[in-house]
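**Q** All chains should be built: construct the whole structure from the sequences, respecting the hints.
Respectively, the protein sequence lines represent chains A and B.
Be aware that the first sequence starts at 1, since it is given in this note's numbering, and climbs by one per residue.
Be aware that the second sequence starts at 1001, since it is given in this note's numbering, and climbs by one per residue.
The hints are simulated quantities; they were obtained by calculation from the structure and are not laboratory data.
This one's a predicted model, so the numbers in the text were calculated from it and none came from an experiment.
Keep in mind that the hints are not guaranteed to be accurate.
What the hints assert, rightly or not - Simulated crosslink set (DSSO-like; lysine-lysine; CA at most 30 Å straight-line): (1) A/37 <-> B/1123; (2) A/25 <-> B/1161; (3) B/1414 <-> A/34; (4) B/1119 <-> A/37; (5) A/42 <-> A/65; (6) B/1161 <-> B/1193; (7) B/1038 <-> B/1268; (8) A/42 <-> B/1128; (9) A/34 <-> B/1237; (10) A/8 <-> B/1038; (11) A/65 <-> B/1119; (12) B/1119 <-> A/42; (13) B/1038 <-> A/42; (14) A/42 <-> B/1123; (15) B/1128 <-> B/1161; (16) B/1123 <-> B/1268; (17) B/1268 <-> A/8; (18) B/1119 <-> A/34; (19) B/1268 <-> A/34.
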Amino acid sequence: MVLTDLHKGETAVVVRLAIEQEALKQRLLHLGVKEGKTVRLKAAMPFGGPVMIEIDGQAIGLRRKEASSIEVK
Amino acid sequence: MSYIALFGNPNTGKTSLFNCLTGSYEYVGNWSGVTVEKKIGVLRQHGVSVVDLPGVYSLQPLSRDEGVATDFLLTEPCSAIVNIVDASQLRRNLHLTVQLLEFGRPVVIALNMVDVAEKRGVKVDAAKLSKYLGVPVIPVIARTGKGTNELVHAVLAAKDKPHSSIAVDYGVEVENAIRSIAEQLPDDVPGNKRWAALQFLEGNERIAAYLRGRFDLSPLLAIREETEQALGCQAAKHIYETRDRWISETIAATAIEFEQKPLTLTEKIDAVVTNRYVGLPIFLALMYVVFMLTFNWLGTPLADRLDAFFSGPLADGLSRFLDWAGASPFIKALVLDGVVAGVGGVLVFVPQIFILFFFISLLEDSGYMARVAMVMDRVMEAIGLNGKAFIPMIIGFGCNVPGVMAARTIEQPKERLMTILALPFMSCSARLPVYALFAGTFFAREQALVVFSLYVLGIVVALGLAKLFSSTLLKNENSLFVIELPPYRVPQALTLWRSTWEKGKGFIRKAGTFIFGGSVAIWLLTYVGPRGVGVPMDDSLLAAIGGLIAPLLSPLGFGAWQAGAALITGFLAKEVVVSTMNIIYHVHEENGLKQVIASHFTPLSAFSFMVFVLLYTPCLATVAAIRKETGSWKWTLLSIGIALTVAYMISLLVYQAGKIVGFP
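**A** Here it is as C-alpha cells:
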C-alpha cells in the first residue's frame, strides 16, 4: 500500500521511501518522513494536486506522485 | 571581526530572536524561507556583531538560500553559534544541532516555542537537555523577547571559550574513515577536522567544492567508497540513522511526552482552507476582499481626503510661504508645479499602499502563505512551476524586488529562473498609483473590479510566459515540491505594524528621493525647450522626448507625447508615471488632474494605458535585482525585451479589439 491509498484522516506506518530524486528524499528525511514513522493523510487537493500529511505533529504538503512512492502499511 | 551566528531550522523564529537581540526590525513571517540572505546586526549594549542566517534543516544545502548558511560556516569566522531550536519539533531540530556541535565552535541553544510544545503535549526539560548536549540551553519566547537577557549572558560567557564537543559514535567503519580523512585535511579547514570529514562522508557538496579548490579529492572519494562498501549502504544514510538514534535517546531522557494532541485551531482552519472543493475559491475570495478594501471601501476615500489636503491647504500654504519669503517665480513654479505636483501626486496613494501592505503582512504572519502555495501547486505544476513559486509572486504584489529575492527558496534552478522572469508581471504597489489615478477617473464605480482585472492579467501573463519557457527554453526534467505547513498563529499587532511599516517605508523613502529628484528633473525638462526657457509645455524638451516614441504608441490609443514621456520616465520607478502626468497636466484647481486626463484619454485608451504600465518593463530596481539573482545580463535583457513586446502586443489587442467592439 502507498500513502495515497489512505483515506482522509487515516493513519499508517511508513515502510519505505521509494523516491528516486535524491534532493526530494533528503528534504523528506529532514522533515522527519522516514521508515517506522506514523503518518496521517490530512487533505488532498483536487485534479491530482498535492496531498497534506502529518508526521510528528508537523503538517507537510507534497505532490501526489511523490506521495504515491511512499510505501506504508 | 568575529560573529555570533544564528542557526536553526526554517520558521523557528531566528529573525524574531535576531530582532530582539539587536533591536532591528528585520522581516519576519510564518513560513519557511522568509530569510534568504544573511543579515548583520549588533548585539545591544555589547557591540558584538550578530548574523541572522536563512533556516536550514541540515548543513547540506538543497536550495540557494540554504547554501548561504553553510557558506557562512566555511568562509566567515564565528565566535559562537546560537542554535534556535523549536521545542515542538525537537527531533527534527536536533539533527542540525548535532552537526553544529560537531563543527566545534561554542554553541548556545535557544529553546523556542516551549508554549507550542506544551500545547502539543511535550514538555522539554531545558536543564537536562543542557546536560545531555554539553552546552547551555536557554528557554526563550522569540516573538516577545522573553529570555533574551539570559541568552545574551550565556552567549557572552561561552564566546571564544574552548569547547568540548559531544561525540556521537558513528561505529567502527565510519570512525575509521573519519580518522583517515581528517589526517589528509589541511590545517586551515574551518571547524573541526572531524566535522569536515563527516560532512564530506555525508556527501555535502559545498564542503567537497571547498576542498576541491585546495587539493585532489580522489583519495578522499576512495575512502568514502570503501566505507560505503563496508557499511553496505550509503554513508549519508548510516550517519543520519546513527544521529537519529542518538537523538531519540536524548529526547527520551529530556522530554516528557504526555499525549500527542493536535493543534485544534490549526486543524479547524485547515479543514476549511485546504478543503479540496473550497480551498481555491476561498483564496480568490480573500484576494478580492483585499482589493475591495484597498480600492473601494477604505483606501480611496482616505486617498481622496489626502489629495484634497495636498492640493488645497498644503499647496496654498506653501504658495503663501514662498511669496512671503520672496521666492522668484521660477522657484515658486519649481516647488509648486514640480515638487508638490510630482511628489504629492504619488504620496496621496499612501493609504491604498499601506492597506495592501497590511494584508500582505497578515498573510505572511498568520501561516496562510504556505497553504496558498499548496492550494496553488496543481495550477503551478501545469505550467511547469511549483506551488512554492507562488509565494514570491504574492510578495511581488508589494514590491517585485523582494519577490525576486524570495525565489531563492525554490530548489530547482530552472524553476527559480522562471519564477524570476515571471515576477515583473506581478503588479507591484508602485503601479497602484497609476491604476488609482486612471481607474478613479474613468471607472469610478467599477474601480476595484477594473484594478482586480489588471492584477489578474498580470498573473495570467506571468503564468503564460512561464508555461512558454517551461515547454521551450527551460524544459524541466523533475520538478520538486515539498512544503512545511506551520501551525497558524494570531498575528501580533506590533509585528504586523512593523512589517507593514517596513514595506511602506520604502515607498515613502522613494517619494523623498527618486521621485523628488525625478520630479525636479521632469519639471526642468518641461521648463526648458530647444528654443529657450519658460517655453509653453508643448515646445519643451520633455515634449520632444515624448514625441519621439509617441507615434509608436498611437496604435495603442495613447499617442500623445505626454503619455510617451510619462512611460519613459516611469522606467526609474513606476510611480513616476503619475508624477510626470501630474507635472505635465498640472492645474491649480482641486481634482484638476482627473478632469484634464479625462479630456486626453478615453476610457478605452486609459485601460490600454494601464495594461501597458502593468506590463511594459520591470523598474530600474527590479532590473538590478534580476541581474543580481540570475547573475546574467542575457536573462536580464531578455526579461526587459519580453516585457516590452508583451506589453505592446496586449495593449494593441485591448485597444483595437475594444474599438471594434465599440467601447468609448
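**Q** List in ascending order the numbers of the hints, as given earlier, that are violated by the structure.
**A** 2, 7, 8, 10, 11, 13
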